[in-house]
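K.L.:
Residue strings, one per chain:
Number of protein chains: 2
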Amino acid sequence: MSFKWIALSGGVGGAKLALGLAHELDPGDLLVVANTGDDFDHLGLRICPDLDTLMYTLAGCSNSTQGWGLEGETWACMEALGRLGGETWFRLGDRDLATHLYRSDRLRHGATLSQVTHELSSVLGVRHHIVPMSEARVATVVITDEGELSFQDYFVARQCAPRVRGVRFEGAENAHMCETLRLALEDDALRGVIICPSNPFLSVEPILAIPGVREALATIKAPIVAVSPIVGGQAIKGPTAKMMRELGMDVSPLGVTEFLRTTIDRIVIDLADSSLLPSIRNLGIEATSAPTVMRSLDDKRSLARAVLEFSGA
Amino acid sequence: MSFKWIALSGGVGGAKLALGLAHELDPGDLLVVANTGDDFDHLGLRICPDLDTLMYTLAGCSNSTQGWGLEGETWACMEALGRLGGETWFRLGDRDLATHLYRSDRLRHGATLSQVTHELSSVLGVRHHIVPMSEARVATVVITDEGELSFQDYFVARQCAPRVRGVRFEGAENAHMCETLRLALEDDALRGVIICPSNPFLSVEPILAIPGVREALATIKAPIVAVSPIVGGQAIKGPTAKMMRELGMDVSPLGVTEFLRTTIDRIVIDLADSSLLPSIRNLGIEATSAPTVMRSLDDKRSLARAVLEFSGA
Chain A
36 MSFKWIALSG GVGGAKLALG LAHELDPGDL LVVANTGDDF DHLGLRICPD
86 LDTLMYTLAG CSNSTQGWGL EGETWACMEA LGRLGGETWF RLGDRDLATH
136 LYRSDRLRHG ATLSQVTHEL SSVLGVRHHI VPMSEARVAT VVITDEGELS
186 FQDYFVARQC APRVRGVRFE GAENAHMCET LRLALEDDAL RGVIICPSNP
236 FLSVEPILAI PGVREALATI KAPIVAVSPI VGGQAIKGPT AKMMRELGMD
286 VSPLGVTEFL RTTIDRIVID LADSSLLPSI RNLGIEATSA PTVMRSLDDK
336 RSLARAVLEF SGA
Chain B
36 MSFKWIALSG GVGGAKLALG LAHELDPGDL LVVANTGDDF DHLGLRICPD
86 LDTLMYTLAG CSNSTQGWGL EGETWACMEA LGRLGGETWF RLGDRDLATH
136 LYRSDRLRHG ATLSQVTHEL SSVLGVRHHI VPMSEARVAT VVITDEGELS
186 FQDYFVARQC APRVRGVRFE GAENAHMCET LRLALEDDAL RGVIICPSNP
236 FLSVEPILAI PGVREALATI KAPIVAVSPI VGGQAIKGPT AKMMRELGMD
286 VSPLGVTEFL RTTIDRIVID LADSSLLPSI RNLGIEATSA PTVMRSLDDK
336 RSLARAVLEF SGA
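As you go down the protein sequences, you meet chains A and B in turn.
Just add 35 to wherever you are in the first sequence, counting from 1, and you've got my numbering.
Just add 35 to wherever you are in the second sequence, counting from 1, and you've got my numbering.
Worth flagging that the hints you see were computed from the coordinates, not collected in a lab.
All figures in this text were calculated on a predicted structure; none of them were measured in a lab.
From the three backbone atoms N, C-alpha and C, an ideal C-beta is built for every residue, glycine too.
Hints may contain errors.
Coverage of chain B stretches by chain A, computed from C-beta distances (three or more under 8 Å per stretch; other residues unrestricted) [as the list claims (entries may be wrong)]:
#1 66-80
#2 99-112
#3 220-231
#4 255-265
Label pairs and their in silico Cβ distance ranges [said to hold, decoys possible]:
#5 A:R193 <-> B:L282: 53 to 61 Å
#6 B:G201 <-> A:I178: 55 to 63 Å
#7 A:D180 <-> B:A251: 25 to 33 Å
#8 B:S99 <-> A:N209: 49 to 57 Å
#9 B:G201 <-> A:R193: 54 to 62 Å
#10 A:R193 <-> B:A348: 40 to 48 Å
#11 A:R217 <-> B:R203: 27 to 35 Å
#12 A:G117 <-> B:D333: 56 to 64 Å
#13 B:T109 <-> A:R316: 55 to 63 Å
#14 A:R143 <-> B:G107: 30 to 38 Å
#15 A:S185 <-> B:R217: 37 to 45 Å
Between the sequences and the hints, there should be enough to build the whole structure, so can you do that?
P.N.:
If you want it as structure tokens, here you go:
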């Protein structure tokens, strides 16, 4: 395996660009690395939201209306669990449950998360490689004015309501990056690393927090290109804008650039934010603008092409 | 709680009589004790086949055609799990899964199996008390000419094909009987113990193997009445007849009586086997015959009445 491109991604927003990239690049050329800081154990099942969103999106079976889960999903189990008085705050569809049952069972029997992801991806028909950032458990903890909350508590149960003061990644210090990622970062074939338009704190930072990732990114010759998840002062989806505000940051592609400036070489921002290009370039980061709001598959492919081009592909 | 009747039961056959008894007795008068020797962990879930069959049957939501699981069940999760290459030899319906998820989660959080069964029963609308024979894990192991097999391996995966040489109950020696059962056996209000028409080796024997159960049954004044699961040389359902044959026993209510004779005082056999009444009585066991094949609810209630009457109710 000799990947030319590595895409670091969180869930929905990142997965859209990952899908665009998958349409533009051969399976052997793209490695998609998923944030697993949101992973958690629920009802005895290992749930990996970003990995699954990436798998389902690249397999073409994700529920695009809902933004998560599977298309044409049914909810018989969750409804029955609700009647029994069980926990239903995290909605698991009947078919999605099969993914979690399969993965949890394989992990219990000693498989690594990479192996299981590969097995699931193959069966689902995903041709490109998706790997978790690490085989180890790393748990994103959101530090709020109401104390520390696990990511899912903050994100799903509390609907991002508490004010954020910071984020930490439990277990990151002892984690190793996924072997496939390590090899890809060492490979001379590498032509670029793409940071997908995902939440910088919740989706990108956990990957960067794995020992050796920042160091490797600082060493490689290939450019590191981010795509801003902030468009016109707002996040396309999720709590990114709210979190940036609460952390005293500029809610703009400039704020994103400032946050990522020690990691990235280049950034793609939305056309709507073109006026910020000079200020971003003043930070020493190459910048360009393109349509970054991805509704159709064409949007995703166009942005993927723009990013690849801007990376010198 | 002061129960007048205790019913010891396995799955389907036993549950039919338990339903009849539940229609004839007040909720405060009947304690149904389920065999849990068939329980096992599968896909990380605690599955309790006999407890569930009893709960679903008494709740009126069991699938009577299929003989197990829930009426109107759907199979979206199992089908998806099959596509993923997961284990589907033990069929779990979408709604049934909710029962296992709920129970497994509650057990992990420290609840006892009795507590969880009480919670599930309440929500499902079961008014009578159902308890497991023990809170501890006791696993029925079938000793066959192909070696030892776990119960589910023998019963579901191998479809009872291997020749049986014996049965043992792993963990029974250190198990305690369920506290509700212990108190009920000590209570002077007790008017009878009914051994439902379940497999003597696989469903009744595990309950009797819990330390103290045989001793308590030997001590109580109230009669112990069995209902033969063998009718006309055949079992209504399951491998009872095959097992009896393989163990060199007489496949008849007489064989059942011989097996249970140190435990029971009386037995109800089918009308079709009435000719065996004298031989059974010769063993020192009181015997009567009644229609024991339970198709309709009326059949179940009639047999329940016959058993209660024969016990001196």
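K.L.:
When the structure is checked against the list of hints, which entries are broken? Sort them ascending.
P.N.:
As far as the earlier hints go, 3, 4, 7, 10, 11 and 12 are violated by this structure, in ascending order.
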